[in-house]
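Peer 1: Work out the full structure, taking the sequences as your base and the hints as a guide.
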Amino acid sequence: MPIDVHLDDLSSPDAQGIVAEHLAGMHGNSPPGHVHALAIDGLKAPDTTFWSAWSDGQLCGCGALKQLTADSGEVKSMRTRPAFLRQGVGQAVLEQIMQTALNRGYACLYLETGTGAAFEAAHALYLRNGFEWCGAFGDYEATDFNVFMVKALQVRQDAP
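So that you can map any letter, position 142 of the sequence shown is 145 in the working numbering, and since no number is skipped, the others follow by simple counting.
Treat the hints with care, since some could be wrong.
Quick list of simulated restraints, FRET-style, between CB atoms [claimed, not checked]:
#1 T118 - R89: 17 to 25 Å
#2 G28 - P5: 22 to 30 Å
#3 A145 - D7: 35 to 43 Å
#4 S15 - H39: 18 to 26 Å
#5 G20 - R89: 15 to 23 Å
#6 P5 - L128: 15 to 23 Å
Note that these hints are calculated values from the structure, not bench results.
Positions of the beta carbon are idealized from the N, C-alpha and C atoms, including for glycine.
Peer 2: Next comes the structure, spelled out in structure tokens:
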């Protein structure tokens, strides 16, 4: 299944709908006060880049990259619509995020996600892509309901 991942300004009903689905899913699988997903306004912030993933004209997933520092970023809002699960959508979006982080010269890429069965597929995706478990970062606090991961990036050193 060919997947087209492209920058998205979140102005379309489709893009806004998948963000609403993502937020509903996070709230449905995490206790109150333990959801750190970004709403539309947060995804439109200048330090955040949002992508949507499409296949045959259908929106099938999304993801975002938030800049944390000059040399690090955070994976945000990774979502695959149920009809497209296990078809490479998450991988395609994550590859776009990782490549953008490399192009920006980030040394590390972080993420925070939930715990429990609903998050196991996401954990597996991140581990397959070289992410490792780590402690809380930024303003996050570790709880029984979240975990943290980091990936060291190979920053390209251009020859003089």
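Peer 1: Compare the structure with each hint and give your call.
Peer 2: Evaluation of the provided hints:
Here the CB-CB span from T118 to R89 is close to 21 Å, well matched to the stated 17 to 25 Å. In this structure, G28 and P5 meet the distance hint of 22 to 30 Å, their C-beta atoms being roughly 25 Å apart. Range check, A145 to D7: about 37 Å between beta-carbon atoms, so the 35 to 43 Å window is met. For S15 and H39, the Cβ-Cβ distance of about 25 Å falls inside the hinted range of 18 to 26 Å, so the restraint holds.
Judged by the Cβ atoms, the range 15 to 23 Å given for G20 and R89 holds: they are separated by roughly 21 Å. Look at P5 against L128: about 19 Å separates their beta carbons, and that is inside 15 to 23 Å.
The earlier numbered hints are all upheld by this structure, with none contradicted.
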